[in-house]
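Protein chains: 2
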Amino acid sequence: MEKKIKGVRVIGIDDAPFDKFKDKEVLVIGVVARNGKDKVIEGILSTKIEKDGRDANEKIINVIKNSKFVNQIKVIFLHGTTMGGLNLLNLNEIYKSLKIPVVGVLRRKPNIESVKKALIKAGKLKEANLLECEFEKLGKFYVKMVGIKKDELIDIFDIGLYTLRLAHLIGSGIMKGESKGRL
Amino acid sequence: MEKKIKGVRVIGIDDAPFDKFKDKEVLVIGVVARNGKDKVIEGILSTKIEKDGRDANEKIINVIKNSKFVNQIKVIFLHGTTMGGLNLLNLNEIYKSLKIPVVGVLRRKPNIESVKKALIKAGKLKEANLLECEFEKLGKFYVKMVGIKKDELIDIFDIGLYTLRLAHLIGSGIMKGESKGRL
Numbered sequence: 010m011e012k013k014i015k016g017v018r019v020i021g022i023d024d025a026p027f028d029k030f031k032d033k034e035v036l037v038i039g040v041v042a043r044n045g046k047d048k049v050i051e052g053i054l055s056t057k058i059e060k061d062g063r064d065a066n067e068k069i070i071n072v073i074k075n076s077k078f079v080n081q082i083k084v085i086f087l088h089g090t091t092m093g094g095l096n097l098l099n100l101n102e103i104y105k106s107l108k109i110p111v112v113g114v115l116r117r118k119p120n121i122e123s124v125k126k127a128l129i130k131a132g133k134l135k136e137a138n139l140l141e142c143e144f145e146k147l148g149k150f151y152v153k154m155v156g157i158k159k160d161e162l163i164d165i166f167d168i169g170l171y172t173l174r175l176a177h178l179i180g181s182g183i184m185k186g187e188s189k190g191r192l
Numbered sequence: 010m011e012k013k014i015k016g017v018r019v020i021g022i023d024d025a026p027f028d029k030f031k032d033k034e035v036l037v038i039g040v041v042a043r044n045g046k047d048k049v050i051e052g053i054l055s056t057k058i059e060k061d062g063r064d065a066n067e068k069i070i071n072v073i074k075n076s077k078f079v080n081q082i083k084v085i086f087l088h089g090t091t092m093g094g095l096n097l098l099n100l101n102e103i104y105k106s107l108k109i110p111v112v113g114v115l116r117r118k119p120n121i122e123s124v125k126k127a128l129i130k131a132g133k134l135k136e137a138n139l140l141e142c143e144f145e146k147l148g149k150f151y152v153k154m155v156g157i158k159k160d161e162l163i164d165i166f167d168i169g170l171y172t173l174r175l176a177h178l179i180g181s182g183i184m185k186g187e188s189k190g191r192l
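Taken in sequence, the protein lines are chains A and B.
Per our numbering, the first sequence starts with residue 10, numbered consecutively.
Per our numbering, the second sequence starts with residue 10, numbered consecutively.
Hints in this document: simulated from the structure, not taken from any laboratory.
It is possible that some hints are incorrect.
When chains are identical, the list treats them as one kind, so a pair holds in a single copy or across two.
Claimed, not checked - Only pairs whose alpha carbons sit at most 30 Å apart, straight line, appear in this in silico DSSO-like list of lysine-lysine:
hint	residue 1	residue 2
1	Lys48	Lys77
2	Lys185	Lys105
3	Lys60	Lys118
4	Lys77	Lys46
Small disclaimer: the values here were computed from a predicted structure and weren't measured.
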């Protein structure tokens, strides 16, 4: 079992900071790493999504599908379940399309009602109804899991958080010149 | 001694891929990491330089000087001694300005004559004369050291190569959507 977990590759995906008023597109970054003592970083993927748009799901599916890592990635970690503002992710769809388990990770308890209100205000009624809201607590984090169970997740949660943190640092460093903050 | 080396922070700097004909600016990425078993990545810096311009040295000095890591970084690793095409780096100047040792690292033996010719062709006579050409072999690499000796470098060469590799992966992943190749 130990050996199995060690070789496991995961991807952590986060959006980069953006200007709410000026930017039309938002950079999304994926970090591929292999579990083990060294946490080897094997690759960086990126794509651009429309701010508050509807293309995040498709773009993320495609960037993974078209990458050389597609057959190696065992779990997809997402920072939250929205990217680039209100560009909603559908974890079930990603799982169905790629046949790779998907985990949305949040640092704080999600405020579902406030996101729903924002979606409705933006005319996204369909999305408001599809918003992911079943988060479970895992350590200090809140997770939404599709295609993977909590006891399977625990073993690779560290490497998942590592890739998410790095995706966050890269996004922040590229867009602002210096990385700030933490996942 | 072991302990001292463990805590040491270094930065590895590389330019991202660019289009020789279309791009006017080139993204430059710095990865700050702490030496030790875990090779903790502490931050990402970035700046933009003019393709074939003369601002690489100043921009790199400034991005380090203005970062929260400036007093912690013990060695600056550069992938080569030119960035963004023919935008020349002056390792002595960086060392003088920041008081941090600087190491230029190349995978292959540099073809000094061919770079000199390109510089002269581009009207950069001054730069052609200032081109770094004293590279020493270290393992499989060629290095130019300023402010640090070979025996001091050996202990932190691994973490330096790690940050350079990561800066390369990030640049490639951001500009091309997927990271390719190796340092």
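Evaluation of the provided hints:
Proximity of Lys48 and Lys77 under a CA criterion of 30 Å is satisfied in both settings, with 19 Å inside one chain copy and 25 Å between copies. In this assembly of identical chains, the alpha carbons of Lys185 and Lys105 lie at most 30 Å apart only when taken from different copies (27 Å versus 35 Å within one copy). Proximity of Lys60 to Lys118 under the C-alpha cut-off of 30 Å is restricted to the intra-copy arrangement: shortest distance 23 Å within a copy versus 45 Å between copies. Taking the shortest alpha-carbon separations for Lys77 and Lys46, both the intra-copy value of 23 Å and the inter-copy value of 28 Å come in at or below 30 Å.
In summary, the structure agrees with every hint in the numbered list given earlier.
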